[in-house]
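Colleague: Keeping their order, the protein sequence lines are chains X and A.
For the first sequence, the residue numbers in the working numbering are 777 to 1321.
For the second sequence, the residue numbers in the working numbering are 42 to 367.
Any given hint might turn out to be false.
DSBU-like cross-link-like pairs, simulated, lysine-lysine; straight-line CA separation at most 35 Å [claimed, not checked]:
#	chain 1	residue 1	chain 2	residue 2
1	X	K1202	A	K364
2	A	K268	A	K364
3	X	K1272	A	K307
4	X	K1247	A	K308
5	A	K127	X	K1202
6	X	K1098	X	K778
7	X	K1049	X	K876
8	A	K283	X	K1202
9	X	K1273	A	K307
10	X	K876	X	K1017
11	A	K283	X	K1247
12	X	K1272	A	K283
13	A	K308	A	K364
14	A	K126	X	K1247
15	X	K1192	A	K359
16	X	K1202	A	K126
17	A	K307	X	K1202
18	A	K207	A	K364
19	A	K207	X	K1247
These are computed hints drawn from the structure, not numbers from a lab.
This structure is a prediction, so every number in the text was calculated from the model and none was measured.
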Amino acid sequence: MKKTIQTLSLLLFSALFVFATYRMPDWIPADLYLRIDPLLGINAVIASREVIARVLWSLLLVGATLAVGRFFCAYVCPLGASIDGLDYLFFRKKKRPGLKTDSSLRRWKYFLLIVMMTAALTGVSLVYFLDPIAFLTRFYTFVLHPLAIAVLNLFLDLLRPLSRGLGWVGLSHLHYPQPVYYMTAVTLAIFGAMIALGRLAPRFWCRYLCPLGAFLSLLSPLGVFKRRVSEACNRCMACQKGCPMGAIDDDPVKTRGPECIQCRGCAGVCPEKAISFPASFSGIGEYSRIDISRRGFVASLAGGVSFGFVALQNPFTLLQGKRQLIRPPGALPETAFLRTCIRCGECMKSCVTNTLQPCLWESGVIGLWTPKLELRMAACEPNCNVCGKVCPTQAIRSLSLDEKTHARIGTAVLRKETCLVWAQDKMCLICDEICPYNAIVFRPIDGYRRPVVIPSRCNGCGYCEQRCPVKGESAIVVVTDGEIRLKEGSYIAEAKKLQLEFRPDPGDDRFVIEESGFKVDQERREGEKRPPADNPALQKPRGFL
Amino acid sequence: MSSGFGKSLRNLLFERQQIMVENSGGISRRQFLKATAAGVAIGLAGDPSLLHAAEEVDLAVITGEPAAATRKALEAIGGISRFVKKGERVVIKPNMSFAKTPDFAATTHPLVVAAVAQACLEAGAREVLVLDHTLQRAELCLERTGIRDACRNMPGVHVLALQDRKFFQEIRIPSGRVLDRVEVMKDILDSALISVPVAKSHSATGVSLGLKGLMGLIWDRESFHFKFNINHGIADLATAIKPRLTVLDATRAMASGGPGGPGDVKKPNLIIAGADPVAVDSYGVGIVPWYGRTFNGRQVEHLLIAHQRGLGNIDVEKLKITKGAA
């Protein structure tokens, strides 16, 4: 029964992950698991010093754990399910005698919890690194999803001769865009190491490292279901050997309460059927003993404060907002954004154009895995607002399409020294062709028609930067200047205040003039008196003779 | 007498098919088959005056609602079976390069595409592929333009955006001036090609109609804009890719701001069909003022080049044109 529930939970987690696309209906909470994770929520609330409405969902899990105990780890946690599954695959036949340092290692998860919460108090988001839900979502986003698409496309390619031969048009033309990410290798290495630790002890992560497990174990003593061993016990120790959490003492009658995740594996393996999990309100007592030394507690506090210090007191903090780092539309102001973002990667997974990419070192250690736009690779799609919709802590605000259009992420700047038209008098107009807001117009300058950006019409979507045919760095780049980042309130109102206009309307293309040196019908044109270049109305649009 | 009868029956069918296209979910397979059969039957019985006209008409210019005008235009040009043989595979090339709704006039009206596809099926086409190499994210383009929805319940019709190089194949252009080889969609090499462009302005080529629309069938469209003269490039392409029929959707025309828009959308309410792509485009130049000025086909450089290279007739006044209303 535990395995069934676990599998279903992992499937639900995976399904919600798959649903997180631009097409996602509003009623699907794709970030459900991240929302109900109280650790992520508390961390974001403490670090940002704001109440975040979506975080209230985590009260569901807090309440359930208070009532039932630490059941989440055994039944709901998708990372727990993955660990159990992979453990079965890789380590089921390996001998794993208990670690000698077991009892001191166990305290590590509490130390880590204290470190992370202290870091949050200093305003640094750190819990994401080891929170199981964020951890697994990152793995899914940066490793599993790209891998699945690659395998799927390979399969389709292999199948293509057959599907073409059989005339299955849809299948023979099917190809999924391959998502790619910067941090795939790093994410995979960390995940792999975590699974490899399972070689030392089953559920190594859950026993020793998981801060969410530590947090839930603090809530669990009030839970009604507790392990009870009857007189029939003959001390065969089968339960102790079988417990994946090492929650059974050398005296098999005793239970290390906070460690027990109620998987009931012990009841299953007991030859005497001496173990049961009756509902009891017997309360706290022995069951809640958590052994953290004062020294360990103080050291963890110090660790958290130190991390906060090194993460914040460096030039990256002073340079916030002065660096070329385009954040998603609707992202909170940079400081608040870094404090609130939990690096789950959900926004980057759902991004329809794949432009959202995880940062490595662009904004220092506090910016690891935060989303940025890689506009040279792909643009921000005007018809999509999914990144805010799936953000569990609303570090990217969930905006309507109209609001999102006005959440300007930067401004395009033309680099005349490399632009083909400005520097080489070539006829190129790709930026103008693709711009969804008519923010690029052609003006007659030096006897030639040249592109000019109208900043008040540009919201930084980056189509121009992506499409610019100049090799290497684009001749038109989106810079952070002019970005609008609001903690609250309407972007439309703000854009209006700033006299920006991102509405689709004809623009002033009617003044486009043609002066491109076409050779066709040269004689006739030579015969005509050339209109002066500063009177565009007299000249013809490009392409007309 | 027979003509009158045919006409009323046809009108009935038009209404019916329009319902099918607009609300295709509600039509059963049986109704569909009946309608298709009726369509084929009428195509055979025909309207003598129109059949006769088909022999000599170069262009059909029909005003009306998108679906009805398209059907009427196809009929006026001599029926789609003039261009599509039974059992053939058809590639329809609409403009669905931008993730914009039809009212922007950046993309072909979905009902026009569906009507052409329907006609191909009625003419006995084995399958109909509606293809484009989109500029914006493919699934958004298919969705926003409404073209995928319009063709959803038509068995044998597939709306696809081909965004991977493996679906393209290099061909030579023996008579190319600036382009000697180009990678085109493999699917057009063994199919009947029907071009169904939208009428819009274009900041590089003046207008973007049928010939310019052929650039949606190739892999590397960027190089046209900066490597060589785009107008010669388009003409080169037209020597290698020859649509059997061009159906220009001028139900709306983006008179400025093209090709992506947003722009000044006019409503000529016209469908222009013809076998000569230069002639169709040339007529299309004259239907609205572009960028606030009136032009004729000879004033559009890529059309003039195509005409001079013998790819079609640019002089509209020399063409035999059937006009009508649907």
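Colleague: What hint numbers does the structure not satisfy?
Modeller: Going through the list in order, the structure violates hints 1, 2, 4, 5, 6, 12, 14, 15, 16 and 18 and respects the others.
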